[in-house]
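These protein sequence lines are chains A and B, in that order. Just so we're aligned, residue 5 is where the first sequence starts under our numbering, counting upward by one. Just so we're aligned, residue 354 is where the second sequence starts under our numbering, counting upward by one.
Read the hints as simulated data drawn from the structure, not as lab findings.
Which chain A residues stay away from chain B? Per the calculated CB distances, all over 10 Å, these:
1. G13
2. E19
3. N57
4. Q84
5. S86
6. P113
If the Cβ cut is set under 7 Å, some of the chain A residues that face chain B in the computed set are:
7. F38
8. S47
9. L50
10. S53
11. N100
12. F103
13. P105
From a predicted model like this one, the values you see are computed outputs, not experimental measurements. We put the CB at the ideal spot given by N, CA and C, even for glycine.
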Amino acid sequence: QKEVEQNSGPLSVPEGAIASLNCTYSDRVSQSFFWYRQYSGKSPELIMSIYSNGDKEDGRFTAQLNKASQYVSLLIRDSQPSDSATYLCAVNYGQNFVFGPGTRLSVLP
Amino acid sequence: KAGVTQTPRYLIKTRGQQVTLSCSPISGHRSVSWYQQTPGQGLQFLFEYFSETQRNKGNFPGRFSGRQFSNSRSEMNVSTLELGDSALYLCASSPMTDTYGYTFGSGTRLTVV
Chain A
5 QKEVEQNSGP LSVPEGAIAS LNCTYSDRVS QSFFWYRQYS GKSPELIMSI
55 YSNGDKEDGR FTAQLNKASQ YVSLLIRDSQ PSDSATYLCA VNYGQNFVFG
105 PGTRLSVLP
Chain B
354 KAGVTQTPRY LIKTRGQQVT LSCSPISGHR SVSWYQQTPG QGLQFLFEYF
404 SETQRNKGNF PGRFSGRQFS NSRSEMNVST LELGDSALYL CASSPMTDTY
454 GYTFGSGTRL TVV
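Kindly generate the complete structure, drawing on both the sequences and the hints.
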């Protein structure tokens, strides 16, 4: 069974700090990886995608992928209280996206 | 550009009834997927449609079914509703599968009483 695992948290960081969110997946053939942000009561919103080993930066967000270790992470620099949300890691297993359970992030003012 | 539109936003149904939920994808998106989200189980994949064909199905009973029309609009149906079917049902669309992420609609909140 194809799985995606995340630490459910909550992860608490002070405002201005770097938040580090981690995700592991079970199938080496996966080629596409995504991070979604979900605010309470809202639907998930795509914030990052990554397909190749290494880092991909977009503003305050950096996604990191290590296929050998089957590990993908999301770094949020200069965290803001508005970043407080649940972050979902998603892995594309062919024609099926599998989502992790999400990590709840709380950025403290 | 309009986003993914789901109707209705809220539904209350009685056990044993059936329900149909509707999803209009972003214009030009041909792939539509459905997910069930509950506090205990997170996001669970129901099925994915591409060009009117169901390409993949999650591990849900046969009471859950769906279809996609030629204009890419999709519906899902749940028959013989159970209390455990109470959840947020999310539809998501993508131009293609494999390399594109999905854009989610606002969801339909189904409550079964």
